[in-house]
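Undergrad: From first to last, the protein sequence lines are chains A and B.
All letters in the first sequence, in the order written, are residues 169 to 485 by my numbering.
All letters in the second sequence, in the order written, are residues 50 to 473 by my numbering.
Take the hints with a grain of salt, since some may be wrong.
Claimed, not checked - Stretches of chain A that chain B covers, calculated by requiring three or more beta carbons in the stretch to come under 8 Å of a beta carbon on chain B:
#, segment
1, 263-269
2, 307-321
3, 368-377
4, 386-400
Since the hints were made in silico from the structure, they are not lab data.
Glycine included, every Cβ here is placed at the ideal spot set by N, Cα and C.
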Amino acid sequence: MNNPQLTKDGKLKHLLSIEGLPKSILTEILDTAESFTGVSEREVKKVPLLRGKTVCNIFFENSTRTRTTFELAAKRLSADVVSLNVGTSSQSKGETILDTVDNLIAMHADMFVVRHSQSGAAHFIARHVGPHIHVINAGDGRHSHPTQGLLDVFTIRRYKPDMHNLRVAIVGDVLHSRVARSEIHALTTLGVPEVRVIAPKTLLPQDVERLGVQVYHDMSAGLKDVDVVMMLRLQNERMTGALLPSAQEYFKCYGLTQEKLALARPDAIVTHPGPMNRGVEIDSAVADGSQSVILPQVTYGIAVRMAVMSMLAGASE
Amino acid sequence: MRIQIKNGRLIDPRNGIDAVLDVYIAAGKVTAVGLAPDGFNANQVIDAAGLVVAPGLVDLSARLREPGFEYKATLESELQAAAAGGVTSLSCPPDTDPVLDEPGLVEMLKHRAKLLSLAHVYPLGALTRQLEGKQLTEMSELTEAGCVGFSHADMPLTDTLVLRRAMQYAATFGFTVWLRPEEAHLAKGGVAHDGEVAARLGLAGIPVSAETIAISTILALMQDTGARVHLCRLSTRVAVDMVRQAKKQGLLLTCDIATNHLHLTEHDIGYFDANCHLKPPLRSQRDRDALHAGLADGTIDAICSDHAPVDDDGKLAPFAESEVGSTGLELLLPLTLKWAQATATPLSAALARIGSIPAGLLGIDAGHLAVGATADVCIFDPEQYWKVERSVLKSQGKNTPFMGLELAGKVRWTLVAGQVVYQA
């Protein structure tokens, strides 16, 4: 099977998922991002790498944070940026995904940043576009959110440079989480020897251990001696079905408090992809505490997205 | 019209024939096998040297999309696909629009098929009106109109009291109930096997228990009612075990599997290949191995194409939003041969799975070439490879996971009631 994300000579063509990318490309993205962290701190926050290029953000599913960071990343690379919230416009008028994409291709877009509620939507669009157009997956259903996974490992690498000597726990709704899947693949590809997932059975996919993780249902056992705690967002709608009995019970068993965090290594860091549900999956004291790196994650997110966009633009030349 | 088929290797599983023998056809019937009848004067001689001459294939599940879904396929396009695939008799599920729940609709379908004269069409009637799972259909009248059994297609039948009564009523008249075992709540929203691939791709899963719980229910109701049931398209290892046990206990149970499940697993979904969006979902390697074992020991009776042509737009969507199904009539023979070759199954035994055995399940006189039989014949070259391509497929549906692959087994002639309906 051809890897749809790479060109024939192994360069990044689309960023659709972390799975299937070699370690060398992940490292290249992280190293490139490192060089961009300075740009955002300058007085003139721009480099001309994407000058004359048009980046289209197509969000079939609403998002504020991710869309904004992609916009900023593209603008800091001097691209022209168009953002569409299709979730609230043409899709509801019966236009198909491909109709929307074709219209933007006709406007000579060079790069698409897409988010969609269905797993595989980014692959689907990437299969459809011509060879000179690049697709970045900004989240497809439960499948993948590769730039989030990358910014998470970028953050971890900044605080814990020796990835080969880390114990990481991912806590929460793995079943519905594209972030968790991206994190798992990013961590295992970069050589993290122990990745744990901690959740009740209702929030874990069948055969999740086949992804190369160790499964814990007891949070105290799972957090013991870890270097990194990666929290997942719990969507409110998960509370209404039969997945969980209540937010209170979930917080009691799987919410991250100072007490539980004390079981991890003393220098452990805490990440969260945002937006947070304080008091559901994470206690405010932890979210705002000294071990939290949640705000740096947002800052690094821009550098990582700049790195991905600049590498994709380079692949076409 | 008198036809002589000469020099071919005649394989007629039901009559235990596998030898080079000529077949003589007149007035739509087989008049002699081996030596020519006295004074036989053929209008047409088909030289089948190097080819296999077999009874026309019998497919247990082919959606023809008429009435109601003509944008996906038409009766004519799909019956031409049947002819090109060597399929001369086929059974179609009732989930058309309108649903096949009234005798008039069944008569119309039979009539339209008869005018085309490309294959014999045997509809399965709806088990409940509108397939809504509430009210029984007029099974006796529907049978008079041409239905050979009653099915709930892929629609959920969650009310076990209705299912029990439907089985009781069918059993009253000795009708067979055709059910695809799937517990509706467990399958709801699912699009792939609840396993490793669904976990990786973030697709909603359909657990094995969706199939096995449904089978448990059906088996219990069979015990209650004495109904004869055919389970359509098994997919899991545990299901095969359950059917094996039930058959040992003497229940009137039969079952089939689809060609796709004979060869593919969840891993074939690859990067969200919508052609692998099928029902039941493609399962694990272990499940596929168990299906092979079930065929080998006779637990699984027949192989069907599960033909479900989908228009291109139907597959042009992210995996979960794409339409379910794949075209299959033209692949039934080559995919069965591929299985036979991989498992060293004798050709005759393989052909029985798509000929005489399904004919028996449908209760129709087909799938054999004894003297006096209707001259439905499939003449094919088992060695000739052909590439599955859009331009080659007669079916209006160009959707199959096997697109672009080369398969052995090329149909050269198809005869229906003594008339050549396909030649290549």
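Undergrad: Each of the hints needs a verdict: does it hold here or not?
TA: Hint check results:
1. Counting residues of the segment 263-269 of chain A whose C-beta sits closer than 8 Å to any C-beta of chain B gives 3, which meets the bar of three, so the coverage hint holds.
2. Residues of the segment 307-321 of chain A with a Cβ under 8 Å from some Cβ of chain B number 5, which satisfies the need for three, so the listed coverage holds.
3. Only when three residues or more bring their CB closer than 8 Å to a CB of chain B does the claim for the segment 368-377 of chain A stand; here the count is 4, and the claim holds.
4. Chain B is given as covering the segment 386-400 of chain A, and this is violated because 0 residues of the stretch bring a CB closer than 8 Å to a CB of that chain, at least three being needed.
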